[in-house]
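Trainee: Chains as they are written, first to last, in the numbering used here: chain C, 1 to 331; chain B, 332 to 688; chain V, 689 to 1054.
Hints are computed from structural coordinates only; laboratory data are not their basis.
Wrong hints could be hidden among the right ones.
Claimed, not checked - Just so you have them, the derived chain V footprint on chain B, three or more residues with Cβ under 8 Å: (1) 395-405; (2) 496-503; (3) 516-528; (4) 550-556.
This structure is a prediction, so every number in the text was calculated from the model and none was measured.
Here a beta-carbon is modelled for each residue, glycine too, at the ideal position from N, C-alpha and C.
Letter by letter, the chains look like this.
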Amino acid sequence: METTLRRQRAPIVQAIRVDKISGATRLVQAIRIVLAVVYAVLSLIPVLWIGMTAFKSRPDATAVPPKVIFKPTLEGFVSLLTDRAILNEARRQELLARADELPWYQRLMVQQGMEVTGPSQYVGRLRNSVIIAGVSTVAAVVLGLLAAYAFSRFPVPGKGDLLFFILSTRMLPPVVVTIPIFLMYRRLGLHDTHIGLILLYTVFNLSFSVWLMKGFLDEIPREYEEAALVDGYTRLQAFFKVVLPNSLSGLAATTVFCLIFAWNEYAFALMLTTDRARTAPPSITTMLGRGGIEWASIAAGSLGFLIPVVLVTFALRKYLLRGVTFGAIRQ
Amino acid sequence: MSNVELRSITKRFGVVTALDGVSFSIQHGEFFVLLGPTGAGKTTTLRVIAGLERQDEGSVLFDGQPVDHLAPADRDVAFVFQQYSLYPSMTVYENLAFPLRSPLRRVPEPVIRKRVQETAEKLHIAHLLQRRTANLSGGEMQRVAIGRALVREPRIFLMDEPLSNLDAKLREALRVELQHLQKTQQSTTLFVTHDQIEALTMADRIAVLDRGRIIQIGTPEEIYDRPATTFVAQLVGTPRINLMNATREDATLYIVGSTIHLPLPPEAAWSSLPPSFLVGVRPEDVRVHCEGQFEGEVVLTEPLGVETILHIRSGEQKLLSIVPGISGLCIGEGVRFDISKERLHFFRDDGTRIVFS
Amino acid sequence: MATIELRQVEKKFGDLHAVKPMDLTIYDGEFVVLLGPSGCGKTTTLRMIAGLETVTGGQILLNGRDVTWEHPSRRDIAFVFQLFALYPHMSVWQNIAFPLQAQGVPRQAVRERVAEVARILEIEHLLRQRPRGLSMGDQQRVALARALVRRPAAFLMDEPLGALDAELRERMRGEIKRLHIEQHATTIYVTHDQVEAMAMGDRVVVMSDAVVQQVGTPAEVYYDPANLFVARFIGSPGMNLVPCRYLGGAIEVSGSGRVPLPQGWDTALQRALGASCDVILGFRPEAAHVTSEGPLDATVYASEMEGGYAMIHLTLGGEGGPIVHIRAGRDSRYPIGTSLRIALDPGMIRFFDPRTERAIPREVGR
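Using the sequences provided together with the hints, build the complete structure.
Mentor: Dropping the structure here:
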């Protein structure tokens, strides 16, 4: 009650007198720091390795012992994103003669004995990922926001039970229900459709979205809307003008979490799609090329897939921190 | 400005009855105070009048017309909340303009600007108009909150303990201003508080609320001089009234547990007094002086400056007395005192006032 | 139990000077109140003494020992918070026992001490309950019990009554003071309510804007405020402060009248003001009364009943003049606009230099 009108307090800082720290304590602290750094590096090594592999040529990628120093090339990316045709000798000479006019990726491929004929399937898959993850995230966030607002502000009958039910959908590992859903989708004609995956992702994200948004909305004092109501606004107007602007951080946090789930989802995407609506994750693993698995392309695909999510998370990191600590889930 | 009437409002939250048959009416232009401890139902009453809660029974009338079916927006009331009434992301100007911009009102921009400016000047916050509300002090925030209500010119102002979150000194200053504003605007105001000083100084009339029931309605003088129950007597008046068990023998009353005895007032039909009853004496009616009739010992002194509150023990009874200035009396010292027999209040054991006809 | 000394203690949050260097000695068994409006630095000072804030400069000594950099747990003080800070998942008994258990006190001793403290604060019947179901007053008593059970060198209380209703505050005020008297415990109490400070404090430290304005007993800060801030802040309402002109032997309130100066003030004002004749007259509401022969002319602006007495607000010398508040008997209610004359109690007037805002001391030996 008092806190709103008083100044903020600085956080509690423990008094440690630097010159009174013993040598033993210093050593322990130093060891702790070193261990932490080592652990961090070790955790990042797989990611680093994938990153490096993405820029290796095919032979380098599969070399034994693994190559740490190598000549970087964009081969992997090009093979990932383009369809190529194998060149016969005549065509090859023809293209080599025109080498200067060719775009860099053609040149690269020509050296390998191939010609770029157009974008590969992967580009389409990437597009599917963007559409499906994007739409399902928006749907989950919007529906979740509205549901959370209802739970937060109104005496919904059976509120406690409903909320528990919503949470319970997250209690089982999605993989467990893939078979039943597969059969159901087949029947409904939703197999290998965008709508099918969008619906599924939305539903799975909804439980998380409702709970997280409710926590945030609970923090926004009711008095804000009530003041607007008394002033002559309808509930809807009060919602848009007052509640929404104050719940932006919650929205951001929820969006990021939902996006991460939908973007990275693998099991359902694998089981419920074959070609038209297939997203990127299952596609990356099945890069088959000439003479075997194209590790460089797979690495390129993984790296490329990682990056958008990392960027979004980085951009919204401020909100995420608040999201983890602020909107504490409570009844 | 309207007059407002509540008829037998009852409101339950699950098994808890927050309001039980609450009835009172506020005249046009009156400053009406609803006084009661925390949890008495004061805020619920305000919310029912505003339309933010729907009552289970009873009806609310504005100018004789029931408004129970009207949404808050249509009742044209202004609400000043205890806290959280300002939108943090907007400037003071925008906060003040917000009520006027509601689609219901359709007030044109130039009019909005004029009204906001006038209201800001009345509340001495004109210099803050461009500031964000997060950068205001507590007192300034409450002024803006009051400004938001003022700018609307509604039928009635509903104020929910608007001063209770402020520092004591700020509270005093804002209290005087609020009162002055209300008197000059002649605005019908329902002001809710648990602080009896606010009630006594500001109200034209006071309604005392306890656990959802109205105990007494009257002017400040009536509430102070003729409290209807021990609850009201103890609620109003600082320091609190002395309430002591007493018995009667012939025409004299005896305070239980001490040697204090007083003649009963002549008009008291003392034969109708129950065998045991409660006597109330306000501390200002317990006069300490060297030729006092009764004896006691000082157990605590509270020097407030203008006066000192003395806690006196007489026998087993503890009494409070006020002496002017800062008293030199020490703990443990003996004192003598008198009690004004004309200023006694009598209550039955159940707390109701005994009135002598 | 404890003497606490602050030597040039100061606190800065970045560029914000929350507490300017201050010296203060709190004697064993004293009840000292840090009083001031929000943001004046009183709570920060308390927290520095507790160790909940680091010190930017200066030293804090507890019984002669330098505790400036000691961890709060090693300072032997107990802290009572405004919002009680009771552990909701523990019973009252467990809450009170917690600090002792944290110190490793043997079980039997814990039981005895908790029982003793519960008896003192009259909460024995609540020991098995959880804090949530208790009334505010009871919760505050439990918070006090938790502090008391430790028998610390000093009690630090941060506006413990702030969350309570006005009526309850009055009662708890007396209880805390009574507790203090029985326990002889050194106590530092922070509040923004000057009524609490006056009622409870042995000495009051008035602070504003990170600076100590005055340290004194209630009588000292009430009757002899050191500057305009203290004069206004202490007392409800504060002291009436009226700008006027000094004319040898008397002071003149523009448009209202002339008040002859009692002995001792004439020379004091002459000396303090020098060439200037602007001075601020201060008097408390109870120091003035309405009388037909009073030297000052006033018009009634408002009058309020406040229970056992009335407060009359008057403008001196016509509209726009300074407004003063006078305490009068219940029955003196005057309609707005009435003209009255008022007189001041010569022993109770004070003067302040408008340039420095400091009080002008009276000449000794008047």
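Trainee: Any hints from earlier that this structure breaks? Give me their numbers in increasing order, please.
Mentor: 1
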